Amino acid sequence: MELLTEVRWPPYAVGIGIGILSWFSFLISREPISCSTSFARTSGGIERLFRGKKVELKLYYQEIKLVVDWQGMLVLGIVMGSLISALLSDDFHWQWVPSRWAFTFGNSPVLRVIVALIGGVFLGVGARWAGGCTSGHGISGTLQLAVSSWISAICFFIGGILMAQFLFKVIG
Amino acid sequence: MQTKASENISKKDKSPLVWGLVFGILFGFLLQKGGATKYDIIIGQLLLSDFTVLKIMLSAVLTGMIGIYLMKTLGWVGLNPKSGSMGSNIIGGLIFGVGFAVLGYCPGTIAGAIGNGYLDALAGGLAGILIGSGIFAALYPRLKSGILKKGDFGNLTLPQLFKVNDWVVVVPVAVLIFLLLIWLERVGL
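Residue numbers (my numbering), protein chains in the order written: chain Y, 1 to 172; chain P, 1 to 189.
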């Protein structure tokens, strides 16, 4: 039980755990762990609330289908699992501005939220453009040795490292 | 067609959804224990000062790959690789990377960050991802047969690309990941 209340596990324990989890998701659900399509379905679902059924006719939503599926439940589960882990280890806290951000850019929640929103837009477009994210391509795809996933994962980090340097070393 | 598909799903048993939730809870639990729900850890990786994220990802890939290919060889599971193209994966990957650094979370870890109580993830990042996904859906008809098809290679895997037995790729990749992790520890990253 003490293990569950520890704030941090070694990265290798976590990684091996995720690897084993991927065995069972293939074996039981025939699904690789992936997340980002659910955000596109949610986005389409919200648009449907305002604009009605015709949203479903959009080409992209005909391909991915606006339904709550295995992956949608997975993403919901991630929120719950993280919450459980954080509560058990007393690591849950409400926070607007992360400390590394505050150190360079100050502790204004408004600035942080605006920049996070802009980053999210890029992330949303990029995930759909590449056909996956750090989970679907970065872990589940690379472990299947998919060519698309190795190229994507390498580009995620090239883009990410260059942009992080620019943000923190040039602007910051 | 759409209504029929959703009717079918509601008539089918709900166990896939329950399993999705179970896997998600375990995944989220692990991400939080690894620190991957935190902006500081993720941005530390992209600034190359904290290698936690890479260590988690590489050990997950190492473990997952060996198990999945073992089960594939035994005929227990089939692979499900995503199809791709140069125009899709390179350009999309770089756009994603920019967003990854500006936001400091990715789609999986942002769900974990929300569970951890991080409001910049909820109020800023999540809204942004939903807007970005919507923008892509609007652009999709124009991108589909253009840029997204440039350099199309389908759902190829590396063993298929090199036309070799799976294990000819799995073993060297496993060794390389293992050596990279040992090197990271050696140099104290």
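These aren't lab readings, by the way, just hints derived from the structure by calculation. Careful: at least some of the hints might be erroneous.
[Unchecked claim] Label pairs and their computed distance ranges (CB to CB): (1) P:K163 - Y:L111: 48 to 54 angstroms; (2) Y:P109 - P:L74: 51 to 57 angstroms; (3) P:G146 - Y:K169: 49 to 55 angstroms; (4) Y:P109 - P:L48: 54 to 60 angstroms; (5) P:L189 - Y:I20: 23 to 29 angstroms; (6) Y:K54 - P:L184: 50 to 56 angstroms.
All values reported here derive from a predicted model rather than from experimental measurement. Glycine included, C-beta positions come from ideal geometry on N, C-alpha and C.
Do the hints match the structure? See the list:
1. Range check, K163 of chain P to L111 of chain Y: about 52 angstroms between beta-carbon atoms, so the 48 to 54 angstroms window is met.
2. Checked against the given bound of 51 to 57 angstroms, the beta carbons of P109 of chain Y and L74 of chain P, roughly 52 angstroms apart, stay inside it.
3. Restraint check, G146 of chain P to K169 of chain Y: a C-beta distance of roughly 35 angstroms breaks the suggested window 49 to 55 angstroms.
4. Judged by the Cβ atoms, the range 54 to 60 angstroms given for P109 of chain Y and L48 of chain P is violated: they are separated by roughly 27 angstroms.
5. Against the hinted window of 23 to 29 angstroms, the Cβ-Cβ separation of L189 of chain P and I20 of chain Y comes to about 25 angstroms, which satisfies the hint.
6. For the hinted restraint 50 to 56 angstroms between K54 of chain Y and L184 of chain P, the CB-CB distance of approximately 51 angstroms keeps it satisfied.
In this structure, the hints that do not hold are numbers 3, 4, in rising order.
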